[in-house]
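A.B. asks: Okay, here's what each chain looks like letter by letter:
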Amino acid sequence: MEMDAALAFELFTRTLSYWWLILIGTALGLVVGAIPGFSAANTIIILLPITLAMDPSSGMIFMVALYTASRLGAGIPAILVNIPGTAGAAATPLDGYPMAVAGRGQEALTISFVSSVLGGLITTIVALLLFPWLSQLAYHLHSVEMIVIMLFGISLIATISADDTLKGLIAGLFGLMIGYIGADVVYEAPRGTFGFLELYDKVPLIPALVGLFAISEAFVVIERETILSEAGRAEAASHGWSPTFDGVRATLKEWKEVVWTSLVGLVIGVIPGAGAAIASFVAYQQSRMFSKTPEKYGTGHINGLIAPESANNGVTSGTLIPLLIIGVPGGATAAIMAVVLEYHGVNFGPDLFETEPMIAYGSFTAMAFTYVLLGLMILPLSRYFARVMIVPTVYMVPILIAFTLVGSFVPRAYLFDMSVAIVFGIIGYIARRTGYHVAAILIGIILGPLLENYFLRALRISQGDMTVLFSSTLANVLWVALVLSLFGPAIKRWITKKWRA
Amino acid sequence: MSEDSNSQPKNVLPDLIIPVMALVFTAYYLTTITEVPWIAQASAILVSAMLSAAIFAFAIRTYLRMRGGQERISWSAIEIDRVSTVKRIALLALTITYIAVIEYLGFTITTFLFVFSAVLLLSSLAHWRSALAVSFSCATLGYVVFIYFFQTRFPRGPVENFLKGVL
Chain A
1 MEMDAALAFE LFTRTLSYWW LILIGTALGL VVGAIPGFSA ANTIIILLPI
51 TLAMDPSSGM IFMVALYTAS RLGAGIPAIL VNIPGTAGAA ATPLDGYPMA
101 VAGRGQEALT ISFVSSVLGG LITTIVALLL FPWLSQLAYH LHSVEMIVIM
151 LFGISLIATI SADDTLKGLI AGLFGLMIGY IGADVVYEAP RGTFGFLELY
201 DKVPLIPALV GLFAISEAFV VIERETILSE AGRAEAASHG WSPTFDGVRA
251 TLKEWKEVVW TSLVGLVIGV IPGAGAAIAS FVAYQQSRMF SKTPEKYGTG
301 HINGLIAPES ANNGVTSGTL IPLLIIGVPG GATAAIMAVV LEYHGVNFGP
351 DLFETEPMIA YGSFTAMAFT YVLLGLMILP LSRYFARVMI VPTVYMVPIL
401 IAFTLVGSFV PRAYLFDMSV AIVFGIIGYI ARRTGYHVAA ILIGIILGPL
451 LENYFLRALR ISQGDMTVLF SSTLANVLWV ALVLSLFGPA IKRWITKKWR
501 A
Chain D
1001 MSEDSNSQPK NVLPDLIIPV MALVFTAYYL TTITEVPWIA QASAILVSAM
1051 LSAAIFAFAI RTYLRMRGGQ ERISWSAIEI DRVSTVKRIA LLALTITYIA
1101 VIEYLGFTIT TFLFVFSAVL LLSSLAHWRS ALAVSFSCAT LGYVVFIYFF
1151 QTRFPRGPVE NFLKGVL
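Residue numbers (this note's numbering), protein chains in the order written: chain A, 1 to 501; chain D, 1001 to 1167.
Chain A extracted, bound-state conformation (with noise of 0.2 Å):
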């Protein structure tokens, strides 16, 4: 079936006779965001037998709304108090989070949840248009095109620590290390799990990420009477609804940054088991890139809280493309969706489009009606949320480590994750003292396993001949745009002040 007018005006009619099953699984999908530990997939399995009783298109809808609403409310823990509520989110507190420590937390929310918004209505509506050659994506990437996507990513870790190269390397090969423990995917072969059966399955990621981020914050921050420093309190004093104002205007004004990384955020989107992690962490590498100013990231810079927050919206739309025309889900919550709907007797590929029309088109619209509702909702919203920086330490401390290291428990409910955090909390602890930055480490583990995934598959095909790295067009093409990715812009800048000179 054709997208048309006729259709499309059935498609929005519908969509808004659902509005009240869009509200809950929105508000469901904001509270179950921000909690580390808890994800749109962890709710949607809770919430199986409402979803399974509901008609398929009602239970696509609720699921949409609470995955899109999920990966929004995922930034707010990140920039309050730069614990990522998802792996998603983990690039959100590398800028966001010293905005917030700086007083300027209202405004931080605002250009998260704007660049949030703008960056998945558009690539809702950009994957509805362009759904058909989106799909074909998929089967042009293979592992040799995915191991230089995963090093755009990684690339991170150099730029990240501007201040100290060396240290940011160490910090982040160590986390790549730490991402290669467990069995590996070909062999089955434990490596470097300390005789921990739980390690065989790799370093738990919400564990790692608790630890890192929550728990050695926590025990950084224990000193100061607020999260918020000095300057910070007396800047959040003075707030009133300004600095949302002045958020709405600041990521309206770098509309182009919230469209380029939202569209990085689609196309990784629609890679299966790519995901949100990977897109904002080469959306944060890309902007820091071709930046102007790229010293200012990692400072509080607002180009980098837009990129990852517009790239992992975009991811959000993107996974459903392989899901609804392949069958083949992007990511966890995709493959839940699929289980829920396949429940129903839905059969996925080319010809849902015309059968269940509802389902297919009406998961877009669902989509981009939740992103409407959630910047209604959520803006004025985002002066009450900044008041969590001036809650006293004494009170905060104990509760994030309690509610964190029990959501670190919820994922796979093995008691041996607390520890896991625990480890990771005394080695982010350290790292923060000693000036080794904690994100690279966390990119490492992230990526580490990924990239190693597709190394051994690419070298596996190829029977250990390491030119396959080199064996098609597309890829070639990704490394000469990772080489200039990487040095084009110190060229830029040297070419341009020998040329003044």
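Hints listed in this document are in silico derivations from the structure and should not be mistaken for laboratory results.
Mixed in with the good hints there might be a few duds.
Part of the chain D face toward chain A, derived, beta carbon under 8 Å [claimed, not checked]:
{"#": "1", "residue": "Ala1027"}
{"#": "2", "residue": "Tyr1028"}
{"#": "3", "residue": "Pro1037"}
{"#": "4", "residue": "Ala1040"}
{"#": "5", "residue": "Ser1123"}
{"#": "6", "residue": "Glu1160"}
Even for Gly, the Cβ is constructed at its ideal location relative to N, Cα and C.
Chain A is fixed; fit chain D onto it per the hints.
C.D. replies: Relative to chain A, chain D alone:
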């Protein structure tokens, strides 16, 4: 920063903890992959070589800076704020105890006890009333939201089992 502190060479002993940890872990990791096929070793060997090279470069840089009088390595010069350090160690001990007993006492009681003791510790026993109120609110809210509504698999104990029978 004062001029005095600028003129003192920086003590880089704490900065060596992460590189040493990384080296020890890498050495251990490499001992666990000796039996696996080379394809499964390749990526880790490449990264461990890069890590070792970065640490070697860091060591050379530190040596050169020590010779130049900018840095030094000294056990005695590590500056420690005793009050904060005692609080941190006690908080770490409380956190480890929290993990150790949550399996037996369940989420609600353990969270109440942990938040109560941690607030008392961090406020130097000054806010016992607010510690009681905050810890009770956290435990109750946590139970209602996560266990009652979301039905999450938080560790269950006497309170959760009792309330399950009642509600």
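A.B. asks: Now tell me if each hint is right for this structure.
C.D. replies: Quick rundown of the hints versus the structure:
The restraint placing Ala1027 of chain D at the interface with chain A is violated, with a minimum CB-CB distance near 11 Å, outside the 8 Å limit. A distance limit of 8 Å between C-beta atoms decides the matter here; for Tyr1028 of chain D the minimum to chain A is near 7 Å, and the interface restraint holds. Evaluation of the Pro1037 of chain D hint against chain A yields a held restraint, the C-beta minimum of about 6 Å falling below 8 Å. Given the 8 Å rule on beta carbons, the hint for Ala1040 of chain D holds: about 4 Å separates it from the nearest Cβ of chain A.
For Ser1123 of chain D, the shortest C-beta to C-beta distance to chain A is roughly 4 Å, which falls under 8 Å, so the interface hint holds. With 8 Å as the threshold, the beta carbon of Glu1160 of chain D stays out of range of chain A, its nearest partner Cβ sitting at about 13 Å, so the hint is violated.
Going down the numbered hints, you'll see the structure goes against 1, 6, while the others check out.
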